[in-house]
Amino acid sequence: MSTITDVQVMRFKEAENKRHLSEMRKLKNENATEYQTEAKMNEKTVSRMRQDYESRIQASQTDLERQLVDVRRKQEKRLEEEKLRLDEELKTLKSTHKDQVNEIKISNMNEIENIKESHQRTLDNAKEKFVKEQTKWEA
1 MSTITDVQVM RFKEAENKRH LSEMRKLKNE NATEYQTEAK MNEKTVSRMR QDYESRIQAS
61 QTDLERQLVD VRRKQEKRLE EEKLRLDEEL KTLKSTHKDQ VNEIKISNMN EIENIKESHQ
121 RTLDNAKEKF VKEQTKWEA
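Numbered according to our numbering, the sequence shown spans residues 1 to 139.
In silico DMTMM-like cross-links for lysine to aspartate or glutamate, where the CA-CA straight-line distance does not exceed 20 angstroms:
no.	residue 1	residue 2
1	74	63
2	13	23
3	26	38
4	77	88
5	129	117
6	127	138
7	77	65
8	91	81
9	44	34
10	44	54
Hints were generated in silico from the structure; no laboratory data involved.
Could you put together the complete structure from these sequences and hints?
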């Protein structure tokens, strides 16, 4: 009896091992399928997130480039306005300087004319005195 029961126990063990192995294969296949499904779903999510991120980066870059172009345009406009203002200021300064130079020239010419007249009067007075003194001495 012992041999029969040993044989039965061996068969039972083999059957139990086969059942256990088939159960393990079944679980392995189910887990592999579930893993592949989850992996595909997560890959799709990551891909969607990557595309969303890249589109946001592209939108931000486009927006920043547009802002840069706007700022450059404004700066160019300001620079042009400033150049015009400086040109006008320079013209005004040159005109003012020219007027001041002309005023100084006229003032100097008048001063020279007054000095010449004063000098001529002094010479005429000196000549008159000389002539008076000469006639005194000759008489």
